[in-house]
Structure formats: structure tokens, C-alpha cells
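Q: In case you want the letters, here they are:
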Amino acid sequence: MKKIIAAIVSLTLTATLSTAVFAEPAQTTEITESTAQNGETVISTEISATYTVTIPANTEVEFNAASTDFGEIKLTQAQIDPGYEVYVTIDTDNLLENKADTTKTIAYTINDKGDSSVFDGVSLLKAEDSAALSIEISEESWNTAYAGEYDDTVTFNVNYRAIPQT
Amino acid sequence: MKLKRIIASILALSLTLTTGAAVYAQNHEIGPNTETGEPDPNSVNTVVSFSVDPTYTVTIPKTVTLTKQTAGGYASTAEISASDVKIQSNQKIVVKIASDFTLDEIDSGETLSYTLKVGDAADAIKNGDEVASFTTDDTTASELNFAAEDPTYSGTYEDQVIFNIELETEKKVMS
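Note that the protein sequences, when read in sequence, are chains D and R.
Numbering follows this note's numbering, in which position 64 of the first sequence is assigned residue number 541; successive positions increment by one, without gaps.
Numbering follows this note's numbering, in which position 26 of the second sequence is assigned residue number 97; successive positions increment by one, without gaps.
Please note that the accuracy of each hint is not assured.
Stated by the list, open to error - Once the Cα atoms are required to be at most 30 Å apart in a straight line, the calculated BS3-like pairs of lysine-lysine come out as: (1) R:Lys133 <-> D:Lys576; (2) D:Lys576 <-> R:Lys242; (3) R:Lys133 <-> R:Lys163.
To be verified - Part of the chain R face toward chain D, derived, beta carbon under 8 Å: (4) Asn98; (5) Pro103; (6) Pro110; (7) Ser120; (8) Ser122; (9) Leu137; (10) Lys157; (11) Gln159.
No lab work stands behind these hints: they were computed from the structure.
For glycine and all other residues, C-beta sits at the position ideal for the given N, C-alpha and C.
One chain only, chain D, in its complex shape (with noise of 0.2 Å):
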């Protein structure tokens, strides 16, 4: 007989084990109702300020006129600090000067527009926020002006800072 003499083959796969390894064990806390803890977490964003202001062009004024639009100082963009404003002044000697003879001149002023008075700065804090400026000249400076082209430069003065505490 044959004996299929099977060998028993014990197969014996050892096993190779390999051994996790193991960093210390965390912490952990079981959260119970006595242990109950909260946490933070902080988001964060920073937006700085950005504004843009529009500021009136040269404007030719009409021979006569006792009263010329000068356009308007307007914030059409703005995104400011609180507790801040742009704020916008003019610097001009409200004089026209005649160009062929500088002592010829013709006052004038700049006003407000929304109640008529001389423009004296404008506090600027949100977007759209503006202020209508005029060129008022009297009917007795255009009288005894003489003839020529005449002329002034108007500085226009922007500042962006914290509204002063009145």
C-alpha cells in the first residue's frame, strides 16, 4: 500500500506577528457630564481700509454767471475703520488772476451747495456720502472786470484720520 503516506504536512505558518508599535498611548479624557469642557477655535480676518474719493476736474466758469457747478467731493468706494472718516479741505486765495496783469484779479468763493455756505471741509464716512460744490462770483466782480483770461488753482486736501472728539 501505497500509503500515500501523506505527510502530513503540517504546515505550521508561524505566523509572523509583526509587533505594532505603539507611541505612548494618547490622553484621552472621558468626557463626562462633569468633565464636559468647551473649545475655541479664533477666525480670524484682517480688512484694511480702502476708500476712493472723487475730487472735481478744472472747470471753466461762464462769463457772468454769479453762480457755476464745481461738481462734488464724493466717497465712491469706501470701507473705513470705525471711529474713522476721510476727510477733505480746500487750500485757494479765492482770487482770479488775470494772466496778462496778475494785479487784475477777480474774487470769488466756493461753496456748499446744500446750505449755500463757503465750503470749509467735508467729513466723509460711507460710500456715496459727497458734498456739491459751487463757483459764486458777484455781479459787481463781473462789472469791473477787465477782459482777459483769468484763472486760479484750488488745492483740494484729503486726510484719512479719526473723527475728532467733540
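Following the hints, position chain R against chain D.
A: The following block gives chain R in isolation, referenced to the frame of chain D:
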């Protein structure tokens, strides 16, 4: 004796002012400096301008009639005036006369000399002389005093006088 007449031409000049409508250029736009947040630029210049065209009206008498004077001779006074004068500060309106200062009798051709004096001037005006001037600040009328001796012959004597109006500009003296 027929009245003597000096015919002068009327010149009334009026310049119409050209008024331009207000013209707007593009506005300035100012925003913040990206690093500092301050306005950049922090100031801009805007030019305000206008133009005043010259204008004036000069009035000259159309006719001047000499009348018999008690003391003898013939005389009359006329005036050259100006209004609504608006010219440059270094300019003046000047009126000059063109005349032979001779009256002609319209039928016979006889002649009679006459004189013209301005205001209280002692000397008579000559052909081409200035008889009036005006500025923006001074529009005082000029008084013209015509005079003629008694003519030998009667008749109607006439002369046509030309008044030339010019705008003179002072020339700067270079030093």
C-alpha cells in the same frame, strides 16, 4: 445866413461777448496707499478759469451844426463818449480824427476853415490827432469844440469828418 453844418459819421461799435458753457474735464480720484492706508496723493490741484471777451460802445455824433455866436463867428460843442467798456488793463480805446478842417459851400464851392479843440485845450487839433481815449476804468466823455470865423459869403457849408477808432495796447519797455 444858412447854418453851417459839419457832418460827422456815427460809429457805434459793440462786440458781443461769447460766453462758453461750463466745461468739465475728468475728475481726480484718490485712494489709499496700500502700505500705509493714507491718501495717495493727499492733495490734488484743480484749475478754475474763465475768459472775458473785450466789449465797448463808442458813440460819435452824426451831425454837428455850428450856430452864430454873439461874440462873432460860428461855434458848436459835441461829445464823443463810450459805454460798457471792458478791455484789458493794458489797453485803451483811442479815437483819432481825419479832416482837412475846411468847410465847403455846397453850391458855390466857397470854403471856410474851422478849428477843433478838445476840452479846455488851448491848441487846435491837427489831422490825425487823438480826440478821445477810454479805458475800462475811465470812460470820461471827450468834449469837442468846433469854431469858425464869419464867412465872407452866405450859403450852406459842410465838411465830412472821419473818426477812426483803434484799440491800443501798451508795449512793455524792456530794461
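Q: Under 8 Å is the threshold here; is the Cβ of Ser122 (chain R) close enough to any Cβ of chain D for the hint to stand?
A: This interface hint holds because 5 Å falls under the 8 Å limit.
Q: Within 30 Å, alpha carbon to alpha carbon, are Lys133 (chain R) and Lys163 (chain R)?
A: holds (23 Å)
Q: Would the pair Lys576 (chain D) and Lys242 (chain R) pass a check requiring their Cα atoms to be no farther apart than 30 Å?
A: The hint holds at about 16 Å.
Q: Return the status of the interface hint for Asn98 (chain R): holds when the least beta-carbon distance to chain D is below 8 Å, violated otherwise.
A: holds (5 Å)
Q: Hint validation: Leu137 (chain R) versus chain D, beta carbon distance must be below 8 Å. Holds or violated?
A: violated (38 Å)
Q: Quick check on Ser120 (chain R) please, does its C-beta sit within 8 Å of some C-beta on chain D?
A: holds (4 Å)
Q: Should the hint that Gln159 (chain R) touches chain D count as held when the rule is a Cβ pair under 8 Å?
A: Since chain D brings a Cβ to about 5 Å from Gln159 (chain R), closer than 8 Å, the hint holds.
Q: Taking 8 Å as the limit, does the beta-carbon of Lys157 (chain R) come near enough to a beta-carbon in chain D?
A: holds (5 Å)
Q: Against chain D, is Pro110 (chain R) within 8 Å by beta-carbon distance?
A: holds (4 Å)
Q: Tell me if the interface restraint on Pro103 (chain R) is satisfied: Cβ within less than 8 Å of some Cβ in chain D.
A: Because about 6 Å separates Pro103 (chain R) from the closest Cβ in chain D, which is inside the 8 Å limit, the hint holds.
Q: Does Lys133 (chain R) pair with Lys576 (chain D) here, judged by a C-alpha cut-off of 30 Å?
A: Roughly 39 Å separates the two Cα atoms, so the pair is violated.
Hint violations for this structure: numbers 1 and 9, all remaining hints satisfied.
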